Structures are given as C-alpha cells and as structure tokens.
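Trainee: Read off the chains here:
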Amino acid sequence: MSVADVAIVGAGAVGCAMARRFALEGARVILLERGADLLSGASKGNSAILHTGFDAPPGSVELQCMQDGYAEYLEIRDSFNLPLLETGAMVVAWTEGERAALDGIEAQARKNGVSNVRRLSAGEIRSREPNLSTRALEAVLVPGEHVIDPWSPFLAYLLQAKNHDAEVFFNTEVLSGSFDGSSWALKTTSGEHRARTVINCAGLFGDRLDARLLGAASFQIKPRKGQFVVFDKAASKLFSSIILPVPSERTKGVVLTRTIFGNVLVGPTAEEQEDRERATVDTETLKSLAAKAAEIVPGLAGMDVTAVYAGLRPATEEKSYRIAVHEDRNWITVGGIRSTGLTASLGIARHVYKLYAKLGNEHQAVASPITPRVPNLAEHLARDWQAPGFGEIVCHCEMVTLREIERALSGALPAGDFGGLRRRTRCGMGRCQGFYCNAQLATLTAGCFGSPLAVGDAA
Amino acid sequence: MSGPFDVRSADVLIVGAGPAGLSAATRLRQLGVAKVIVVDREQQGGGIPRHCGHPPFGMREFGRVLTGPAYARKLVERAVHAGVDLQLGCSVVSIDCSDGDLVVACATNRGALTVTAKRIVIATGVRERPRSARLLGGDRPLGILNTGALQEYVYLERLAPFRRPLIVGTELVALSSLLTCRKIGARPVAMIEAGSHSTVRRASMALPRLLGVPVRYETEIVDIEGRRRVEAVTVRARDGRVDTIDCDGVLLTGCFRPEAALARTAGLEIDTGSGGPAIDQFARTSEPRIFAAGNVLHPVDTAGWSWREGRKVGEFVAQDLAGKLPDAKPAIKLTAGPGIRYVVPQRLVPGEGGFENLQLRADNDVSSGLVAYEGNALIRKQALSTGPERRILAPTSAFAGARGDVTISIDGEEKTSNRSGSECV
Ligand SMILES: Cc1cc2nc3c(=O)[nH]c(=O)nc-3n(C[C@H](O)[C@H](O)[C@H](O)COP(=O)(O)OP(=O)(O)OC[C@H]3O[C@@H](n4cnc5c(N)ncnc54)[C@H](O)[C@@H]3O)c2cc1C
Ligand SMILES: Cc1cc2nc3c(=O)[nH]c(=O)nc-3n(C[C@H](O)[C@H](O)[C@H](O)COP(=O)(O)OP(=O)(O)OC[C@H]3O[C@@H](n4cnc5c(N)ncnc54)[C@H](O)[C@@H]3O)c2cc1C
Numbered sequence: 001m002s003v004a005d006v007a008i009v010g011a012g013a014v015g016c017a018m019a020r021r022f023a024l025e026g027a028r029v030i031l032l033e034r035g036a037d038l039l040s041g042a043s044k045g046n047s048a049i050l051h052t053g054f055d056a057p058p059g060s061v062e063l064q065c066m067q068d069g070y071a072e073y074l075e076i077r078d079s080f081n082l083p084l085l086e087t088g089a090m091v092v093a094w095t096e097g098e099r100a101a102l103d104g105i106e107a108q109a110r111k112n113g114v115s116n117v118r119r120l121s122a123g124e125i126r127s128r129e130p131n132l133s134t135r136a137l138e139a140v141l142v143p144g145e146h147v148i149d150p151w152s153p154f155l156a157y158l159l160q161a162k163n164h165d166a167e168v169f170f171n172t173e174v175l176s177g178s179f180d181g182s183s184w185a186l187k188t189t190s191g192e193h194r195a196r197t198v199i200n201c202a203g204l205f206g207d208r209l210d211a212r213l214l215g216a217a218s219f220q221i222k223p224r225k226g227q228f229v230v231f232d233k234a235a236s237k238l239f240s241s242i243i244l245p246v247p248s249e250r251t252k253g254v255v256l257t258r259t260i261f262g263n264v265l266v267g268p269t270a271e272e273q274e275d276r277e278r279a280t281v282d283t284e285t286l287k288s289l290a291a292k293a294a295e296i297v298p299g300l301a302g303m304d305v306t307a308v309y310a311g312l313r314p315a316t317e318e319k320s321y322r323i324a325v326h327e328d329r330n331w332i333t334v335g336g337i338r339s340t341g342l343t344a345s346l347g348i349a350r351h352v353y354k355l356y357a358k359l360g361n362e363h364q365a366v367a368s369p370i371t372p373r374v375p376n377l378a379e380h381l382a383r384d385w386q387a388p389g390f391g392e393i394v395c396h397c398e399m400v401t402l403r404e405i406e407r408a409l410s411g412a413l414p415a416g417d418f419g420g421l422r423r424r425t426r427c428g429m430g431r432c433q434g435f436y437c438n439a440q441l442a443t444l445t446a447g448c449f450g451s452p453l454a455v456g457d458a459a
Numbered sequence: 001m002s003g004p005f006d007v008r009s010a011d012v013l014i015v016g017a018g019p020a021g022l023s024a025a026t027r028l029r030q031l032g033v034a035k036v037i038v039v040d041r042e043q044q045g046g047g048i049p050r051h052c053g054h055p056p057f058g059m060r061e062f063g064r065v066l067t068g069p070a071y072a073r074k075l076v077e078r079a080v081h082a083g084v085d086l087q088l089g090c091s092v093v094s095i096d097c098s099d100g101d102l103v104v105a106c107a108t109n110r111g112a113l114t115v116t117a118k119r120i121v122i123a124t125g126v127r128e129r130p131r132s133a134r135l136l137g138g139d140r141p142l143g144i145l146n147t148g149a150l151q152e153y154v155y156l157e158r159l160a161p162f163r164r165p166l167i168v169g170t171e172l173v174a175l176s177s178l179l180t181c182r183k184i185g186a187r188p189v190a191m192i193e194a195g196s197h198s199t200v201r202r203a204s205m206a207l208p209r210l211l212g213v214p215v216r217y218e219t220e221i222v223d224i225e226g227r228r229r230v231e232a233v234t235v236r237a238r239d240g241r242v243d244t245i246d247c248d249g250v251l252l253t254g255c256f257r258p259e260a261a262l263a264r265t266a267g268l269e270i271d272t273g274s275g276g277p278a279i280d281q282f283a284r285t286s287e288p289r290i291f292a293a294g295n296v297l298h299p300v301d302t303a304g305w306s307w308r309e310g311r312k313v314g315e316f317v318a319q320d321l322a323g324k325l326p327d328a329k330p331a332i333k334l335t336a337g338p339g340i341r342y343v344v345p346q347r348l349v350p351g352e353g354g355f356e357n358l359q360l361r362a363d364n365d366v367s368s369g370l371v372a373y374e375g376n377a378l379i380r381k382q383a384l385s386t387g388p389e390r391r392i393l394a395p396t397s398a399f400a401g402a403r404g405d406v407t408i409s410i411d412g413e414e415k416t417s418n419r420s421g422s423e424c425v
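Heads up: the protein sequence lines correspond to chains A and B, in order.
Under our numbering, the first residue of the first sequence carries the number 1, and numbering increases by one thereafter.
Under our numbering, the first residue of the second sequence carries the number 1, and numbering increases by one thereafter.
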C-alpha cells in the first residue's frame with residue numbers, strides 16, 4: 001500500500017480547507033471522513049458569518065487564523081465563484097449596562113486591527129435600519145462582517161484538493177492506528193490507510209481520536225448546541241445589517257442576520273450537552289428565538305417560519321483553539337475550533353501547514369493551481385434557473401433545477417446523502433420543506449445514497 | 001434573467017392550473033374572452049388532484065365520481081378544448097404592476113417568458129404546514145412529510161416513503177392518508193390529535209377503527225428521534241403522560257397554508273387570518289387588475305368548491321374587461337373578530353353582484369352563533385353550530401347596507417379582546 005504524506009481526519013470546514021492547503025503545497029493528501037459526505041458534523045449548521053475577528057481574544061492564534069482566513073476568502077472567492085453578501089454588522093446595546101460595554105468592544109476591535117469600526121447613535125441606527133426596534137440605544141458598526149454561503153466554499157476547496165491529487169474517502173471512520181516511527185497505519189471502517197503524518201480535524205470527536213490513537217487527549221470536547229429559526233424570504237426586506245448583541249462571557253449571543261439564500265436567520269442558542277451526535281431542536285426554544293427576533297425587528301412578529309435547525313459547536317473546557325503538534329508521533333491535532341471555524345478555516349490551514357513544515361517536511365508547491373468554479377447558490381446573484389436548458393424546476397420554493405440536481409449527483413464529489421444534496425443545491429430547504437418536491441427527489445436520487453429517501457416501491 | 005426568449009400578450013393570464021385556475025380559464029373562453037393563458041410550474045396540469053389517487057372528485061363538474069388524477073386530466077382537456085393556451089413547466093417569478101399592462105416574468109426551460117396581460121388571476125392553491133413551521137422538536141431525519149408529499153410518492157413516483165408512520169392530525173386529509181398508506185401496504189402505528197376530538201365529524205373516525213389504527217386525542221409530539229430515518233416519536237398527553245412510539249415516519253397532515261409566495265412578491269395585501277391575498281366580493285386583490293380564486297384564498301376547501309369559485313371569478317374578470325364592475329374603491333373592511341380565523345372577502349364595495357356568500361372559518365367548536373358589528377351596532381346575528389376547518393357561509397347581501405367597517409365574531413366571544421384561536425401544530 002502506498003503511503004500518503006498526510007492523512008487528514010475529518011471533512012468538516014477545517015479538514016476541507018486543510019486538504020486544499022496541503023495539496024496546493026504539493027503534499028500527497030488523503031482525507032478520511034466517517035460521514036457519507038463532507039460537512040456531516042459541526043460544520044453543517046452555523047450562522048454563516050464571515051467574521052472580522054473584531055471581538056476575538058487579542059493576540060490569539062484564533063484571531064490570527066480568522067483574519068488570515070477572512071483575507072484569503074476575499075482573495076480567492078471570485079475565482080471559485082463563491083459569494084459574499086456585504087452586510088456589515090451592528091453590535092447593538094439595548095440596555096444601559098450593554099451601552100457601557102460598547103467602549104470596550106470598540107477598543108478591542110481597534111486593538112485587533114479592525115480599525116474601521118465606529119459608533120452609531122440611536123438616530124443613526126434608525127436611519128440605517130428603520131425597521132429595528134426603537135429600543136436600540138447605541139451601537140458599534142463593524143462594516144467588515146459579512147454573510148457567506150456556509151457550504152459551497154468547502155466543496156470548492158475539496159474539489160481543488162482533488163484536482164491536485166488528494167484522495168477523499170467517505171464512510172471511513174478512523175478506528176485505531178499504529179505509528180512505526182516514520183508513518184501511520186490507520187485502521188478504518190473501510191480498510192487500512194497509510195500516511196507519514198496525521199492531522200486530526202475530527203471536530204466534535206477530536207479528543208476521542210487523540211485518545212484512541214495517541215493514548216491520551218490533551219483536551220475534552222464539550223458540545224455546545226446552537227438552535228436556529230429561519231424566516232421566510234419576505235423577512236429579508238426588513239433589515240440589512242447583521243444585528244449582534246453585546247456578547248456575554250459564554251457566547252456571542254443570539255444574532256439576527258440575513259442569509260445568503262435570501263432568508264432571515266435568528267440564533268444560535270448556547271446549550272451544553274454530552275451528546276456529540278444529536279443536535280435536536282425543541283419547541284419552547286424555537287418559540288423564544290422567534291419571539292426574540294420580533295423584539296429586535298418588530299416586523300418579524302407572525303412572519304412565516306421556513307426552517308429550523310441546530311448545530312453543535314466543538315467547544316472544549318477552554319475558549320482557545322486546541323492546536324497541538326506531537327512531533328515524536330508525526331501528529332497534529334486541530335481541535336476545539338468552536339465557533340469561528342467557518343471564517344478561520346483557510347487561516348488555520350496555513351497556520352497548520354507552517355507547523356508541519358517546521359517539523360522538516362518539504363514539498364514542491366503546485367505551480368499553477370486548477371481552480372474549480374462551484375455552482376452559485378446565493379440569492380442575490382444569478383441562479384441556474386435564469387439560464388435556459390435547465391430541464392425543469394424541481395424545488396419551486398428555492399427554484400432548484402433538474403440540471404443542478406443532476407450535477408450535484410455526479411462529478412468529482414457527488415452528494416453522498418440527502419443532506420449533502422440539500423447543501424449543494426438548496427433543494428427542499430424552502431417554505432414548503434418538500435411538500436412539492438420530496439417525492440420527485442426520491443426518484444431522482446434513487447440508487448445514489450446509502451440512506452435513500454424512499455424505503456421501497458409503492459407496490 | 002437573460003433576455004426573454006418569448007414575449008406574449010393575453011387578455012387574462014391565470015397562474016395555476018388547478019381546479020380553480022382551469023375553471024376560471026374555461027369560463028373566460030366560454031364568455032368570449034379571446035386570449036386566455038394558464039401557466040403552471042408543474043409538467044402536468046390539474047393541481048393537487050393530480051396526486052389524490054382516491055375518489056370522490058368531479059360530481060359537480062362532470063356528474064360522476066372520478067379519482068383525482070382522472071379528474072385533473074378531464075379539467076385540462078376541457079380547458080384546452082375551450083381554447084385556453086396552457087403553458088406547463090412555467091414558473092411565475094414576478095408580476096410588475098406598474099401602469100399599463102401587467103407584466104409577468106416566467107422561468108421556463110427554454111428561457112424567460114414575458115407575458116403582458118390586462119388581468120391576472122392568481123390560483124396557486126394551498127399546501128400543508130411543514131414540520132419546521134409547526135416548530136416541532138427533535139432530530140431532523142428522513143421520513144417526516146406532509147400528506148401532499150406522501151401522495152406524490154405513491155401516485156406519481158410509485159414509491160413508499162415509510163412503512164410504519166405516525167399520523168398527526170384528524171382533518172379529512174388525514175383520513176385520506178390512511179387510504180394512501182393502505183395502497184402501499186404501510187401500517188400507520190397511530191393517529192394523534194392535539195384536540196379533545198377529531199376535526200372531521202365523529203362518524204368518519206370509523207375509518208381508522210376499521211383499519212385498526214389507534215387514535216390518541218389530546219396528544220402532541222415532544223420529540224422525534226432518528227439518526228438517518230425516523231426511529232421513534234415521543235408524545236405527551238394533556239394529563240402529562242409521556243410515551244415513546246416506534247415508527248419509521250411522521251406524517252404531518254392538514255394545517256393548510258395558502259401557497260401565497262407569488263401574491264406576496266407581487267406586493268398584494270395578505271390577510272394574516274387566511275394567509276392568502278385579501279379580496280373584495282369580485283375577487284379583486286389590493287391591485288384591482290389582479291384577481292384570486294380557489295384555495296389560495298381560504299385554507300382549505302374541496303376541489304369542487306374551488307372549481308365553482310374559479311368559474312365565478314372567470315365571470316367577474318369578463319365583466320371587468322367589459323367595464324361592468326363597480327369601482328374597487330371605496331370599500332368597507334370585513335374583519336375577523338374573536339373566534340373567527342378569517343373572513344373572505346375581506347372588503348366589500350358598493351354595487352350589485354359578486355360572491356353570494358362570505359366564507360369564514362372558526363377557530364374552535366361553535367354552538368352559539370355568528371355576530372357582526374358595524375362599530376357598536378349589531379347588524380347581523382346568525383345561528384351556527386360547527387367546528388374548526390369547516391366552511392361557514394354568510395350571505396353577502398346581509399352586509400350590503402353597511403357604511404363602515406364590520407367585525408364578525410363568534411357570539412359570546414366578541415367581548416373578549418384577545419383571540420382564542422389554538423394554533424395548529
Ligand atoms: C451554532 C453554530 C454557529 C456558528 N456560527 C459560525 C459563524 O457564523 N462563523 C464562523 O466562522 N463559524 C461559525 N461556527 C463555527 C464553525 O461552524 C465551526 O468552527 C466549524 O464548523 C468546525 O469545523 P470542524 O471541521 O472543526 O468540525 P466538524 O465539522 O465537526 O468536522 C469534523 C469531521 O470529522 C469527522 N470525524 C470525526 N471523527 C472521525 C473519525 N474517527 N474518523 C473519520 N472522520 C471523523 C466528522 O464526521 C466531521 O465531519 C458556528 C458553529 C455553530 C455550531
Ligand atoms: C394534500 C392535499 C390533499 C387534498 N385532498 C383533497 C381531496 O381529497 N378532495 C378535495 O376535494 N380536495 C382536496 N384538497 C384540497 C385542494 O386544495 C383542492 O382540491 C384543489 O386542488 C384546490 O384547487 P386550486 O385550483 O385552488 O389549487 P391547486 O390544485 O393547488 O392548484 C394550484 C396550482 O398552482 C400552481 N402554482 C403555484 N404557484 C405557481 C407559480 N408561481 N407559477 C406557476 N404555477 C404555480 C401549482 O403548481 C398548482 O398546480 C387537498 C389539498 C391538499 C394540499
């Protein structure tokens with residue numbers, strides 16, 4: 001069996017960006033993922049905000065990775081056809097207590113190099129966001145906070161990695177492994193894989209993987225759930241900026257934002273739990289989120305709910321990223337990428353490549369990278385249905401075409417399950433949640449997924 | 001959108017080829033309106049009945065009992081025979097209501113189609129409320145669907161989405177789903193209902209009994225479990241008893257919502273009670289050149305009713321094209337008061353003609369009656385015994401004399417200020 005230069009474990013946001021970076025640097029990469037598709041873990045449900053790092057801990061690795069990731073995303077996004085919704089954000093003070101915290105927030109932003117922040121008076125808030133509750137006292141404007149597509153970037157990165165000879169294995173869980181002093185033999189649910197270096201990007205299972213293969217983990221994952229409510233597209237006319245609360249010790253708090261798909265999102269909660277797999281929603285919390293949204297933008301009262309979901313943050317007992325190099329074992333752990341991984345992923349990948357190179361690893365970087373363009377899912381840019389020859393529109397709420405479905409089911413990284421198809425196309429994500437299209441999708445995807453939509457024939 | 005591949009003009013453009021849209025179109029042609037186009041985003045005309053594989057459809061329209069698909073085909077044939085231009089696979093994405101003709105943008109496989117029309121009828125129907133909008137808790141695995149999707153699996157795709165579903169709700173559509181399940185050999189594990197009795201009349205509940213499907217009242221879902229596919233559902237009874245039921249699907253029935261996205265995009269006033277566009281007694285929306293017909297106005301009614309209403313609206317549109325409708329302004333408002341979910345039409349203009357009846361729905365069971373107040377003056381009282389989701393009619397003529405806005409309530413509830421309506425979940 002051939003030995004890869006690196007085995008990356010986990011095809012979440014971090015693993016996909018990592019695979020791209022290492023492939024571009026010329027390493028022979030294998031990516032091992034236990035799910036049937038990329039983004040099956042923590043990365044499938046988040047707020048989709050590209051953060052400036054204005055509120056990150058000054059001087060931290062996290063801040064550095066966020067800002068590098070932010071810059072690289074802006075630099076490469078056009079070539080991959082990745083969208084950006086330039087919303088800006090307002091950190092809004094609703095109470096005098098919160099207002100007192102704004103000075104500190106502004107100062108920290110400047111310290112973090114985000115120097116274009118500025119104060120908005122109640123009047124300025126109103127003229128920017130006339131539909132915001134009049135209870136808003138004052139705000140810090142952070143013009144650089146933007147909204148992105150939470151899924152397509154990672155498809156793009158992984159496609160590029162594949163273009164440069166990375167091999168991707170789904171339904172492949174790393175169970176155990178042995179290190180012979182120069183390379184690892186990894187036992188997985190789909191056979192053995194060999195690589196000189198292992199990069200643990202296992203997200204919610206990062207500590208378990210360390211424990212299984214290194215014998216001990218230096219941190220412990222404490223999953224923190226975030227629930228969300230998504231409102232109908234009609235809601236997106238009500239405001240434009242991301243509305244952030246003044247954060248507390250534990251979380252950034254509940255955010256109200258437009259999504260790149262033309263909806264409005266409120267969430268996430270921050271709920272600690274033991275379970276690393278189940279990200280359930282519950283009625284009471286969803287109701288309170290919807291009520292919270294209507295407190296911020298009164299026009300959202302009674303607005304139709306399109307979707308609800310929850311994601312699990314791979315938090316640990318500490319706030320900081322848990323990136324560790326185990327030099328003697330050719331092993332790098334990239335753990336605890338809690339709540340900023342979407343933004344930071346490209347930066348984390350650069351950071352980790354540097355750590356890897358410091359271990360004495362050297363490769364010949366790819367001279368002229370091939371950049372695959374991914375289908376656009378953003379509502380404010382041209383969609384597939386706007387160009388003739390799409391066959392038919394399958395999902396009417398999100399205007400997803402047969403041509404898009406067929407493409408997502410073929411090619412270099414076909415969807416591995418229904419969630420993967422939804423993330424590649426938006427099908428079934430709209431206001432009817434499959435009332436009109438789910439059955440046709442069952443036919444179109446027959447034979448494609450390990451977990452099919454239909455359990456059998458009608459007869 | 002890139003430049004249109006085709007530009008057409010019409011006297012009337014109808015959006016939606018369901019019973020309401022097709023009957024309006026057919027009637028318009030019968031009344032001599034020259035250019036009537038019906039567009040539908042599906043590849044087949046006929047609307048919801050396309051996938052209602054069960055009878056009875058068509059008594060009123062064709063004088064015999066048909067299954068939904070046969071009925072849908074006959075409606076299409078009749079419209080085409082009458083000279084209606086039916087465009088399928090054609091999604092209306094926007095309506096521009098500025099001065100001059102109405103301009104409608106459609107997406108089709110061949111490219112953008114622009115239709116300019118003198119009048120438009122929106123007949124986009126209803127759907128059921130999905131899991132998300134009901135804010136149900138739990139995991140989000142495969143196997144949670146509405147009856148519409150189940151019918152499409154069974155009657156259009158010949159597939160089974162589950163074998164042992166839990167059925168939520170006891171509207172008529174829930175009973176029809178029992179028959180659809182039978183068709184694929186699926187055995188529902190139970191039916192649950194949040195209320196203390198069925199939404200359909202008690203006699204109809206003989207069907208689940210006959211099929212051996214237990215029915216639990218005052219019961220709601222608290223959790224849905226399943227990693228990939230539904231594995232179990234936890235329910236809670238009103239007395240607090242919690243119980244986990246093994247099943248491989250959840251069928252969410254009823255809780256109908258108008259498919260009003262287009263009406264909303266076009267900027268039409270939407271009635272929060274019905275969820276559909278607000279109209280006057282001639283079916284004119286807040287943009288008087290745009291009419292609406294069928295279930296998009298009133299969740300939910302039968303195909304036969306929608307068909308009959310479509311026919312009526314076809315007549316109103318023809319009258320309007322001939323300059324024979326009264327002005328759309330001034331109008332008085334009809335408002336749903338306590339106990340009433342919605343009133344359609346929501347506006348009355350002075351003048352003869354229009355719908356003979358107002359259509360209303362109550363929030364809960366009613367045994368008292370209906371009262372209508374113009375300001376503080378009681379202008380009508382009507383005995384009423386009915387339940388939620390049942391059609392209530394009140395003669396439009398009874399309100400013809402009103403000079404100011406009218407509020408219609410359930411007798412005895414009109415004094416309580418807040419609405420008692422139980423939200424459907
Ligand atoms: C509610 C919420 C809101 C958020 N909002 C934002 C935001 O607005 N902006 C932002 O920048 N970030 C945000 N984040 C953070 C971001 O989503 C995470 O930081 C990021 O997704 C973490 O990615 P990951 O690759 O580390 O983990 P994961 O996505 O969990 O990836 C790990 C992968 O490893 C696989 N795996 C695990 N064990 C094994 C094994 N033994 N063998 C093989 N494969 C294995 C898993 O299946 C999984 O796919 C948010 C997160 C949450 C939960
Ligand atoms: C699941 C379900 C089961 C039902 N079962 C029965 C039953 O057994 N018996 C009964 O009498 N009634 C039943 N009904 C009620 C049903 O609504 C009526 O029978 C009837 O279909 C209403 O007719 P309609 O013309 O108003 O709307 P629909 O039949 O719903 O037709 C609306 C049409 O508009 C089209 N459309 C929507 N938006 C657009 C757009 N933007 N562009 C282009 N086209 C568009 C749709 O594709 C659709 O074809 C059921 C309803 C549902 C949802």
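Hints were generated in silico from the structure; no laboratory data involved.
Computed from a predicted structure; not experimentally measured.
Treat the hints with care, since some could be wrong.
Claimed, not checked - Quick look at which bits of chain A chain B covers, simulated, 3 or more residues with Cβ under 8 angstroms:
| no. | region |
| --- | --- |
| 1 | 18-27 |
| 2 | 177-187 |
| 3 | 252-261 |
| 4 | 337-347 |
| 5 | 374-388 |
| 6 | 395-405 |
To be verified - Not the full set, but computed from the structure, chain A residues with beta-carbon under 10 angstroms of chain B:
| no. | residue |
| --- | --- |
| 7 | E72 |
| 8 | F169 |
| 9 | L238 |
| 10 | K319 |
| 11 | G360 |
| 12 | G391 |
| 13 | A446 |
| 14 | G447 |
Note that beta-carbon positions come from the ideal geometry of N, C-alpha and C, so glycine has one too.
Trainee: All the hints need checking, so say for each whether the structure fits it.
Mentor: Hints versus structure:
1. 18-27: violated (count 0)
2. 177-187: violated (count 0)
3. 252-261: Since three or more residues must qualify, the claim that chain B covers the region 252-261 of chain A is violated, with 0 doing so at under 8 angstroms.
4. 337-347: violated (count 0)
5. 374-388: Since 4 is at least three, the answer is holds.
6. 395-405: Holds: 3 residues of the region 395-405 of chain A have a Cβ under 8 angstroms from chain B.
7. E72: Cβ of A:E72 sits 32 angstroms from chain B, so the hint is violated.
8. F169: 20 angstroms, violated
9. L238: 13 angstroms, violated
10. K319: Result: violated, 29 angstroms to nearest chain B Cβ.
11. G360: 42 angstroms, violated
12. G391: 6 angstroms, holds
13. A446: 8 angstroms, holds
14. G447: 12 angstroms, violated
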